[in-house]
Amino acid sequence: MTFVGLAVTFLGFVIAFASLGITDSTGGRMGLVLAGIVVSLIGIMGVLTPAYQKTWIWKK
Amino acid sequence: MTKKIVLVLAMVACLARAATVLAQAPAAQPEPAAAAPAPAAAAVALTDADLKAAVKPTDRANGDPDGSLTGTANDIAIADAKVGLTLSDVLNQIGANRIGVNFAWTLLCGFLIMFMQAGFAVVEAGLCRAKNANHTMMMNFMVYGVGMLAYFLIGFPLQMGGAGAIANLGSTPVLNSEFVIHLFGKDIGLFGNTGYLLMHHGTYDVAIMVVFLFQMVFMDTTTTIVTGTCCERWKYSAFMVSTMFLGAFTYPIFANWAWGGGWLAMLGANFGLGHGYADFAGSGVVHSVGGITALACALILGPRLGKYTRDGKPNAIPGHDIMWVLCGCFILAFGWFGFNPGSTLAMSGNGGLRAASVAVNTMLAGMTGSFGGILYMWIRYGKPDASMSGNAFLAGLVAITAPSGFVNPIASAVIGLIAGVLVCLSCEFVERVLKVDDPVGAISVHGTNGIWGVLATGLFADGKSNYGGSWNGVAGNVTGLFYGDAGQFVAQLMGVATLLGFVFVLSYVINLFVDWFVGQRVSAKSELAGLDLPEMGAVAYPDFVLKPEAAMTS
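These protein sequence lines are chains S and P, in that order.
Residue 26 in the working numbering sits at position 26 of the first sequence; the count goes up by one each step and never skips.
Residue 1285 in the working numbering sits at position 285 of the second sequence; the count goes up by one each step and never skips.
It is worth saying that the hints were derived from the structure and are not from the lab.
Each hint can be trusted.
Straight-line C-alpha distance at most 30 Å; calculated DSSO-like pairs for lysine-lysine: (1) P:Lys-1525 to S:Lys-54; (2) S:Lys-54 to P:Lys-1435; (3) P:Lys-1435 to P:Lys-1547; (4) P:Lys-1056 to P:Lys-1082; (5) S:Lys-54 to P:Lys-1313.
All values reported here derive from a predicted model rather than from experimental measurement.
Let's have the full structure, built from the sequences with the hints guiding it.
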């Protein structure tokens, strides 16, 4: 799950960065960048963190 | 000597005559009477006065108690003693004075920032247990050297190699090599490529030395943030390797994108998003990069033994010296006066005097931040918690770091107040929801509030600052969403997305490799004993009897 989490987190950056080429409108870019931030947060908090909690030293 | 003075006065008269001609030209048609020859008359008067007022070396035979004889035309450096003082000498002296003032300001601010290392060291050591104090202090001690070495070898060229001319420091034209890719019809700058070892491609240059020193202490601030989050369980060898990568790659790459002419800085010039990503002194570049890297490392390391019960409830592990913690906060606040005002890189020209406003904004945000934190803790828990008060103080300072150059004092106070509350909420969230063990609260202080500072710039920048008429190559002043520029806020959001989606992933992958090859975490036995003896070979307090390790909560 660690690599899935990293991939999702990076995907958020890709979405935000791609907004520069997808649209010229400020509103459109704002929406896409916000979507990218949300996706990255899901990757960190929704995927990586639960995976990390399973690796605690006393759970191994 | 008289010949020299006459020569100078002749030059001054010529200049004054030229100025008079220039002044007369536009004024002649609409209002001939307005083209007064006053400058020429003044120049003549100046000539006579100068002749009379010229200070002779003998005038100081009895000293100069009131300072009126010190710092005169006699002190202007002469290029050729045979020719004597020339107009060129005078003009060169004026330029040298301006750049000298800026050099002195920037260097002194860099020295202040360097002293922040001491603040971080005692804050982090105070917040860890006594059995780990030597280890924590030694991490903070060596982070300075390890980070600097990495930055000297690799980091500085990557960050600043394509930064271009920095006018306030006398220009740095040789920093002109940025690696770019062509995307979306624009050049996307990714990293600099000159200045290796401060010798490559003409970078053995006094202005570049100033840039290096100032940027290096910024980078070192980033690296020392991570040691706080990872203390009490980080293997010393892993810390050194991880810090090396942070100083060599992670920090410089994002710093290049934001400050070195990279693609984030160019969002305004290339894509019409305000003035591009604006981060005056580094809420994002320094603090968020440090906080986010700390989060990545903490996830890899896992929590300290005893921090969480088996069903995931957090235990409080208090630090061993709250006096050092709060004293360290004051040291950091002192250093912050180098961090933020120093980021003007000038006191003379191009908006350098705005440093006064930046300094006041910094004080105000720190003050309201501490108020926010104290009030939150007092209301929620009935007591004004000391360590959280310190963290809230720092949170206010972190949050104002990016906007300090662009916002007014009221906005600064608001930004700091929000930061003070936000750091308390974030600490609780990180500890109880994410279940990430952060002994000093660095993820919240620097990561969360660094992001808040970046966003606050895009909201509160009032368009009144002026640093030479443009920022990131876009004419005009940085203006936030609340003052009418939505594009600036999008640029700031893009910076946040990059921090979360790129910097975090890069930091995580790097530290995962460090974990595989070096091993990040100490053994459970060492951790329970305290890292001072197993890792460092000596305890911090050999004369003290330390409290034995409490039985772990099941």
